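**Q** Here are the chains, one letter per residue:
Number of protein chains: 4
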Amino acid sequence: MAEQINIGIIGASGYTGADLIRLLATHPYTNIKLMTANSHAGKKLSQVFPHLSFVGDVDLVANEDANWEGVDVAMSGLPHATAQQVIDDLPGHLRVVDMSADFRFEDVKTYAQWYGHDHQAPGLQKKAVYGLTEYYREEIAQAQLAACPGCYPTAALLGLLPLVRASLIDVHDIIIDAKSGVSGAGRGLKEDKLFSEVAEGIHPYGIASHRHAPEIEKELAKVVGQEVIVNFTPHLMPMNRGEFLTMYVRMTDGVSASDLRAALRERYAEEPFVMALEEGAPTPATRHVRGSNFCLVAVYQDRVPGRAIVMSTLDNLVKGSSGQAVQNLNLMFGFEETTGLMQQPLFP
Amino acid sequence: MAEQINIGIIGASGYTGADLIRLLATHPYTNIKLMTANSHAGKKLSQVFPHLSFVGDVDLVANEDANWEGVDVAMSGLPHATAQQVIDDLPGHLRVVDMSADFRFEDVKTYAQWYGHDHQAPGLQKKAVYGLTEYYREEIAQAQLAACPGCYPTAALLGLLPLVRASLIDVHDIIIDAKSGVSGAGRGLKEDKLFSEVAEGIHPYGIASHRHAPEIEKELAKVVGQEVIVNFTPHLMPMNRGEFLTMYVRMTDGVSASDLRAALRERYAEEPFVMALEEGAPTPATRHVRGSNFCLVAVYQDRVPGRAIVMSTLDNLVKGSSGQAVQNLNLMFGFEETTGLMQQPLFP
Amino acid sequence: MAEQINIGIIGASGYTGADLIRLLATHPYTNIKLMTANSHAGKKLSQVFPHLSFVGDVDLVANEDANWEGVDVAMSGLPHATAQQVIDDLPGHLRVVDMSADFRFEDVKTYAQWYGHDHQAPGLQKKAVYGLTEYYREEIAQAQLAACPGCYPTAALLGLLPLVRASLIDVHDIIIDAKSGVSGAGRGLKEDKLFSEVAEGIHPYGIASHRHAPEIEKELAKVVGQEVIVNFTPHLMPMNRGEFLTMYVRMTDGVSASDLRAALRERYAEEPFVMALEEGAPTPATRHVRGSNFCLVAVYQDRVPGRAIVMSTLDNLVKGSSGQAVQNLNLMFGFEETTGLMQQPLFP
Amino acid sequence: MAEQINIGIIGASGYTGADLIRLLATHPYTNIKLMTANSHAGKKLSQVFPHLSFVGDVDLVANEDANWEGVDVAMSGLPHATAQQVIDDLPGHLRVVDMSADFRFEDVKTYAQWYGHDHQAPGLQKKAVYGLTEYYREEIAQAQLAACPGCYPTAALLGLLPLVRASLIDVHDIIIDAKSGVSGAGRGLKEDKLFSEVAEGIHPYGIASHRHAPEIEKELAKVVGQEVIVNFTPHLMPMNRGEFLTMYVRMTDGVSASDLRAALRERYAEEPFVMALEEGAPTPATRHVRGSNFCLVAVYQDRVPGRAIVMSTLDNLVKGSSGQAVQNLNLMFGFEETTGLMQQPLFP
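Order-wise, the sequence lines are chains A, B, C and D. Counting from 0, one number per residue, gives the positions in the first sequence under numbering that gives the first Met the number 0. Counting from 0, one number per residue, gives the positions in the second sequence under numbering that gives the first Met the number 0. Counting from 0, one number per residue, gives the positions in the third sequence under numbering that gives the first Met the number 0. Counting from 0, one number per residue, gives the positions in the fourth sequence under numbering that gives the first Met the number 0.
To be clear, the hints were calculated from the coordinates, so they are not data collected in a lab. Values in this document were obtained by computation on a predicted structure and should not be read as measured data. Hints may be right or wrong, so weigh each one.
[Said to hold, decoys possible] Simulated restraints, written as ranges between beta carbons of each label pair:
1) A:Gly-185 with D:Asp-252: 29 to 39 Å
2) D:Ser-166 with C:Asp-252: 19 to 29 Å
3) D:Gln-141 with C:Glu-226: 49 to 59 Å
4) D:Ala-111 with C:Gly-115: 28 to 38 Å
[To be verified] Listed below are the simulated BS3-like cross-link pairs for lysine-lysine, each with C-alpha atoms no more than 27 Å apart in a straight line:
5) B:Lys-42 with D:Lys-189
6) C:Lys-42 with C:Lys-32
7) D:Lys-32 with D:Lys-43
8) D:Lys-217 with B:Lys-189
9) D:Lys-42 with D:Lys-126
10) A:Lys-32 with A:Lys-43
11) A:Lys-189 with C:Lys-43
12) B:Lys-126 with B:Lys-108
13) D:Lys-108 with D:Lys-217
14) A:Lys-189 with C:Lys-189
15) C:Lys-189 with A:Lys-43
16) B:Lys-126 with B:Lys-43
17) D:Lys-42 with D:Lys-32
18) A:Lys-189 with C:Lys-42
19) B:Lys-32 with B:Lys-126
20) D:Lys-43 with D:Lys-189
21) A:Lys-42 with C:Lys-189
22) C:Lys-43 with C:Lys-125
23) B:Lys-189 with D:Lys-42
24) C:Lys-108 with C:Lys-126
25) D:Lys-189 with D:Lys-42
26) D:Lys-125 with D:Lys-189
27) A:Lys-42 with A:Lys-189
28) C:Lys-108 with C:Lys-217
29) D:Lys-43 with B:Lys-189
30) D:Lys-108 with B:Lys-43
Ideal placement from N, C-alpha and C gives every residue a C-beta, glycine not left out.
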């Protein structure tokens, strides 16, 4: 049996922090030794997240008061810009799993351009591995610092990468229409996240300017060896969790939707968390993966000649964040990759 | 002051019928003399739709028992296939406003192909006028039978027609990603409309097979004089009302998003119900039109060179159905077009 | 035909302000001449509330910059504590309709006790009339300042007053279990109003401490001539609008649920906005009044001997606030009481 | 380590069946050998519940085609009336966990009175044990047939039983105002469960006639040795899962809310799934238990002298049905009671 490891959670008072705690509560080989939350330091976890009362009464401490002795790994749910500084200050013995955007870009110039300020820990960036588990397993297993992908890039790349790698679609004609639940925007106070501003409606946001676009593009660019620009248009929906990406692609000459489907099914046949639907399977829905680490991908023939529709859906807080973080943790510490992650979707 | 007209509503027990009654309740020149509802004949309206209790106690009758004497116009909220037969049997003195799909296709072959059976009233089809108010005003004013467009086609065409007419976009590269509330699917019992099957999630439906695609296509084809095929991919969302269309278009060489925006703003400058947003206006949302007859259209520059994003949103039961029906009714009887339709959107 | 009056709206950037503007937009005898919103001064109304774009481009000004010349009446949607000072500073020629709690308590000590600070305009309080329209019509018509009731008190009192007046129930054994949509809490930023904190769940709040309890109690006390304490327990629900009160009452000896029902039906037989349901009518629901100024009340026999259940439902932003404000405005200026308020409920 | 047992699920195509499969998927000592679903016989589980695709491709069979050889226990998610006949026909070697109402009433006359027909398996009723785990552990461990309580009775009794047993409250003055999500009503097609009939609103149902009232009453009657009648008024809310009970009680002379709280905290101090909140804890909410087998109970002092408010919340599909069924299964087969049930609540 695997040995127990000690975990310190940074930024435990956000939604990703909370979902990480939820998942780790039934992970047999982990022990949460430490939780930080600067804005809630001194409180009990159950005051900040009453749904975690059953986990036990844990004290939240400030980052500066954290005692990292005996801790094996830091998992950070801090938002971007904040995470880089805090992680840079951690003791050297710690391995790190970061769920922010701070270490996702190999090129710190791209980071600076899209996030509006210079990277504060460029040296650490060099050691970071992009934590898209299904594509960087070996690097992640060895990583000092795993930078978990954004929720949208995870969903997009799991659907697109096998197709782009096999040159089945035109990488310069990709349109990604995304629909997301509200939890992806975190727990911070903003008028546009108030119930009455979200319920009973839908609207796009970040049109042609969302920061997950360059993250998708840089991974596609790695495959084709040239710059890639995609359309990425997210919409905010009245639901808590879940992300649905409808991706409109132009197929290479002679390629059919069946070819695309076959490529996805072959690529993911042995993957425990990604399922490529066969023809005729029930239409994918965010409900089919809610609360779980699973991702569904599917392909449909378009009526427009030469076009196909690729769909991808996952739970933004699990496979899109905390679940993938645990998946990477398992790799980094030699546990079976599915450990603690086989909770089935919650429906209804 | 205009004279009062008498209206008979056919199919009053569906959601479109109910919304028609809601709108007509404050219309100063109309009097509902008759309501039919075969499955609820013998009941009071307030038993079927308690929210309409305040309109007064009206008896629902079967179609076959309806007395059309003294009635000026029949407005039908029956579903497709049912409507054509019932309307064909109406007394000849009646003018008709139909909200079903039955008389929308000039070419009954297209109808037969997409709706799966031969048209039962091809003769009547010849007299029908497509009721997209902003584009067929004169014809509608004279029409014996106005066939109100589908909710999706209304939204799509209001956004696309000015652009296609001015050759600003490539009509063969149009992708329409649509998101709709549940009321568009009516009140009939189906598992996929149960609360628990819709709430807290999203999924596409009718992928590459939705019947509103050919309706959009035939109107675009009229403009360009050749067959048009568009991608049309609707998604079902957890909200009652509202439709949001995100349309991805390729611009003609040399054309910019500003040109598209200018074309829409010019076209709709004088329209009472369609507003083309200026640059920098708040991002459109279904919430901005809920419960009203308004439609918002907007244009955004894409990051992908040569591409733009056209958005269109309306309330599927109002501008997408009953509201547009009243707008057409007003034209047909010489009332001011906005009569009874200036109720502002309900938000939150 | 009535003359047009000029209205100034104070606090136009809150939800009650917005709903007031929505209603007045189709009121034939009113003209909004002025809108104040301190936190949004300098903006257009359409930037703050895009759903009101169709009303026309109105500039929001600061309270201190408001020009009240030519204005007949000020209608205030400011929150409590803020309203009293601003209203006290208004020019003397203005009549006032206030939707806050500031002038609802004849006894300023009760105000001080429950709202935690001394009243800032006790002199003005003396001139205020409690704006529960159905019970204070004559006073309101003459009022300089109408203090519109809270949303919960409106619903509670419309259900209870006829029963208490006729001594049909024990005023000392009243339990009011209330369920409300989120808009009642306004547009201010608070974590507990975030979508993810409200959706897919319910919880009580203000248990045994909600400020609408003393407002209900003081009106009941007026009837019975002694102090009254009621149980009032509100719950926050995942919906935008609507309030449902389930009131558990003990009947006086020999009284039956039928007697209660008869008393309500008799009292409201001629009221345009309050409907007491007859036995066997469809069960009331918030959906039946959404977006409208109507209130439904109903009585059911309990299985517990001697007990009955009184239900009352309304839209908190309309009959519970802005709609009742317009109803009072109509009385104050001699318009037909229903003017501008006959919009039917929006369902679904 | 415990031995693996084989389970047959009857009625796998309903929501309780699905949630049972979800929970058992991570139970280490169970193996689902058989799933029946008469209306979907011949289909794969993943066609009926796509969210369970990841469990593996299981065939659904008709009840009459089920092969019970080698199966240790039947768990039934069939609705009442149907369950009794099917369970009566099972082979004698099977132990049974039933989630319907069919075997909850020791007195078959009460069943007949409330469910409208004679019990079809009165003999089997005699062998049944009421499966309220926290109160009947020893009987359940030995039971041939465990009849799991209804969702509302579970929540009500967990809050009330310690108070009634200690004579702290008046058993003849209990008012239970309940709010429930829609999944409690199952997956069957009914108009009042359609999304548009439930979303954005609330309404009561089964007023003074809901079948869970007698179930609550018979357990309270057992304690006090005389007939008990309670007020039980459920409301349907726009959420998938969760139940919140606000119970208004009259305390015995000299008893305070603190006494009630202390009684609950003492009773549940060692219970793994029921937590009695201490004074000052965050207000309970359905969100705090969603998807989990936990139940929260809490007590508040009322402003009305002599009265207190007892609250209880759980997930109707888990602690209110499938979770409690697994808890009972664990007892019946000698597994640790919490096995497979420590999944933490899903929030947001």
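**Q** Evaluate each hint against the coordinates.
**A** Structure-based check of all given hints:
Between Gly-185 (chain A) and Asp-252 (chain D) the CB atoms are about 51 Å apart, so this pair departs from the stated range of 29 to 39 Å. Between Ser-166 (chain D) and Asp-252 (chain C) the CB atoms are about 27 Å apart, so this pair conforms to the stated range of 19 to 29 Å. The given range of 49 to 59 Å is respected by Gln-141 (chain D) and Glu-226 (chain C), whose C-beta atoms sit roughly 56 Å from each other. Remark: the range hint 28 to 38 Å for Ala-111 (chain D) to Gly-115 (chain C) is contradicted by a beta-carbon distance near 57 Å.
Of the supplied pair hints, the one linking Lys-42 (chain B) and Lys-189 (chain D) holds, its CA atoms being roughly 19 Å apart against a limit of 27 Å. At most 27 Å may separate the alpha-carbon atoms for a hinted pair to count; Lys-42 (chain C) and Lys-32 (chain C) meet this at roughly 16 Å. The straight-line distance between the Cα atoms of Lys-32 (chain D) and Lys-43 (chain D) is roughly 14 Å, inside the 27 Å bound, and the hint therefore holds. A distance of roughly 37 Å separates the Cα atoms of Lys-217 (chain D) and Lys-189 (chain B); the hinted pair therefore is violated under the 27 Å criterion.
For the hint linking Lys-42 (chain D) to Lys-126 (chain D), the alpha-carbon distance of about 34 Å lies beyond 27 Å, and the restraint is violated. Between Lys-32 (chain A) and Lys-43 (chain A) the alpha-carbon distance is near 14 Å, which keeps this suggested pair within the 27 Å criterion. At most 27 Å may separate the alpha-carbon atoms for a hinted pair to count; Lys-189 (chain A) and Lys-43 (chain C) meet this at roughly 20 Å. A C-alpha spacing of about 16 Å is found between Lys-126 (chain B) and Lys-108 (chain B), which places the hinted pair at or below 27 Å, so the restraint holds.
Our distance criterion of 27 Å between C-alpha atoms is met by Lys-108 (chain D) and Lys-217 (chain D), whose separation comes to about 12 Å. Restraint check: the Cα-Cα separation between Lys-189 (chain A) and Lys-189 (chain C) comes to about 9 Å, which is no more than 27 Å; the hinted pair holds. With a C-alpha separation of about 20 Å, the suggested pair Lys-189 (chain C) and Lys-43 (chain A) falls inside the 27 Å cut-off, and the hint holds. Simply put, Lys-126 (chain B) and Lys-43 (chain B) have alpha-carbon atoms about 34 Å apart, too far for the 27 Å limit, and the pair is violated.
Simply put, Lys-42 (chain D) and Lys-32 (chain D) have alpha-carbon atoms about 16 Å apart, close enough for the 27 Å limit, and the pair holds. Between Lys-189 (chain A) and Lys-42 (chain C) the CA atoms are separated by roughly 19 Å; this keeps the pair inside 27 Å, and the hint holds. About 25 Å separates the Cα atoms of Lys-32 (chain B) and Lys-126 (chain B), which keeps this hinted pair within 27 Å; it holds. Proposed proximity of Lys-43 (chain D) and Lys-189 (chain D) is supported: the alpha carbons are some 25 Å apart, at most 27 Å.
With a C-alpha separation of about 19 Å, the suggested pairing of Lys-42 (chain A) with Lys-189 (chain C) holds against the 27 Å cut-off. The suggested pairing of Lys-43 (chain C) with Lys-125 (chain C) is violated, with an alpha-carbon distance near 36 Å, which exceeds 27 Å. For the hint linking Lys-189 (chain B) to Lys-42 (chain D), the alpha-carbon distance of about 19 Å falls within 27 Å, and the restraint holds. Proposed proximity of Lys-108 (chain C) and Lys-126 (chain C) is supported: the alpha carbons are some 16 Å apart, at most 27 Å.
The straight-line distance between the Cα atoms of Lys-189 (chain D) and Lys-42 (chain D) is roughly 23 Å, inside the 27 Å bound, and the hint therefore holds. For the hint pairing Lys-125 (chain D) with Lys-189 (chain D), the CA-to-CA distance comes to about 34 Å; that exceeds 27 Å, so the pair is violated. For a cut-off of 27 Å, the pair hint linking Lys-42 (chain A) to Lys-189 (chain A) stands: about 23 Å separates their Cα positions. Restraint check: the Cα-Cα separation between Lys-108 (chain C) and Lys-217 (chain C) comes to about 12 Å, which is no more than 27 Å; the hinted pair holds.
For the suggested pair Lys-43 (chain D) and Lys-189 (chain B), the alpha carbons sit about 20 Å apart, so the restraint of at most 27 Å is met. Proximity of Lys-108 (chain D) to Lys-43 (chain B) is assessed by CA-CA distance (about 38 Å); at most 27 Å being required, the pair is judged violated.
Consistency with the previously given hints fails for numbers 1, 4, 8, 9, 16, 22, 26, 30, ordered from lowest to highest.
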